[in-house]
Amino acid sequence: AQSVAQPEDQVNVAEGNPLTVKCTYSVSGNPYLFWYVQYPNRGLQFLLKYITGDNLVKGSYGFEAEFNKSQTSFHLKKPSALVSDSALYFCAVRDIGSGGYQKVTFGTGTKLQVIP
Amino acid sequence: DAGVTQSPTHLIKTRGQQVTLRCSPKSGHDTVSWYQQALGQGPQFIFQYYEEEERQRGNFPDRFSGHQFPNYSSELNVNALLLGDSALYLCASSLGSGTASGYTFGSGTRLTVV
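The listed protein sequences correspond, in order, to chains A and B.
So the first sequence is numbered by the numbering used here: it starts at 1 and just counts up by one.
So the second sequence is numbered by the numbering used here: it starts at 1 and just counts up by one.
Chain A on its own, in the form it takes in the complex (with noise of 0.2 Å):
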């Protein structure tokens, strides 16, 4: 199976700083590779994606992600972290589950505190 590893619970960054929420995938074939993000008590937004092309992914509010395929990591990050960027972000992969449909699997989460 597919998955991805978030090996840090918690990120603090002061805002105005840049922000870089790390994720590392094991994977066999291309990797499809996303970025969530959770705010408290909601549902998930889809933040950006990574099938092919290039190694830099932009997506929304200003986010972006690097595919790094010899470090097998896709680095979630920001130039300057804004306050209400604070909130949980889920890295996910293309999985294929039973009867070889697909499916997306998440990381554990990394919640990102920025500080004023």
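A portion of the hints provided could be inaccurate.
What the hints assert, rightly or not - Per label pair, the in silico range of CB-to-CB distance:
#1 LEU83(B) - ILE51(A): 34 to 42 Å
#2 ILE12(B) - GLU8(A): 30 to 38 Å
#3 GLN10(A) - VAL114(B): 35 to 43 Å
#4 GLU51(B) - PRO40(A): 30 to 38 Å
What the hints assert, rightly or not - Subject to a maximum C-alpha distance of 30 Å in a straight line, what follows is the list of computed DSSO-like cross-link-like pairs (lysine-lysine):
#5 LYS77(A) - LYS58(A)
#6 LYS26(B) - LYS58(A)
#7 LYS77(A) - LYS26(B)
Please keep in mind that the hints were generated in silico from the structure rather than gathered at the bench.
Just so it is clear, CB atoms sit at the ideal spot from N, CA and C, and this is done for glycine as well.
Starting from the known structure of chain A, arrange chain B on it as the hints suggest.
Leaving out everything else, chain B in the frame of chain A:
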């Protein structure tokens, strides 16, 4: 354009009872996936419905069952509730498997089993 609607938003049940959660997918989406998110954890895949059939299933017992209706809406049923079933249940709709265009999630149903 309405997104994904889940009902109810909160629910409290007693051990051993049965519960039904409902989901209306985003307009234009034909596939519904259900996830369980325990406190402090990532969403865990329960099952996926397409064309009114369960197309794939995660590592959940048979106490968890579902249904998809002709209008693409879906229900998640859990029988013989256990304390460990307490979680946020998320419905995600997509066009196809969701691996190309991503999922649209509802806000979830918070189930508490006492």
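Hints versus structure:
1. LEU83(B) - ILE51(A): 34 to 42 Å: holds (40 Å)
2. ILE12(B) - GLU8(A): 30 to 38 Å: For GLU8(A) against ILE12(B), whose Cβ atoms are near 34 Å apart, the range 30 to 38 Å holds.
3. GLN10(A) - VAL114(B): 35 to 43 Å: For VAL114(B) against GLN10(A), whose Cβ atoms are near 30 Å apart, the range 35 to 43 Å is violated.
4. GLU51(B) - PRO40(A): 30 to 38 Å: holds (35 Å)
5. LYS77(A) - LYS58(A): Since the Cα atoms of LYS77(A) and LYS58(A) sit roughly 10 Å apart, the hinted pair holds (cutoff 30 Å).
6. LYS26(B) - LYS58(A): holds (24 Å)
7. LYS77(A) - LYS26(B): Roughly 29 Å separates the two Cα atoms, so the pair holds.
Of the hints listed earlier, the one the structure fails to meet is number 3.
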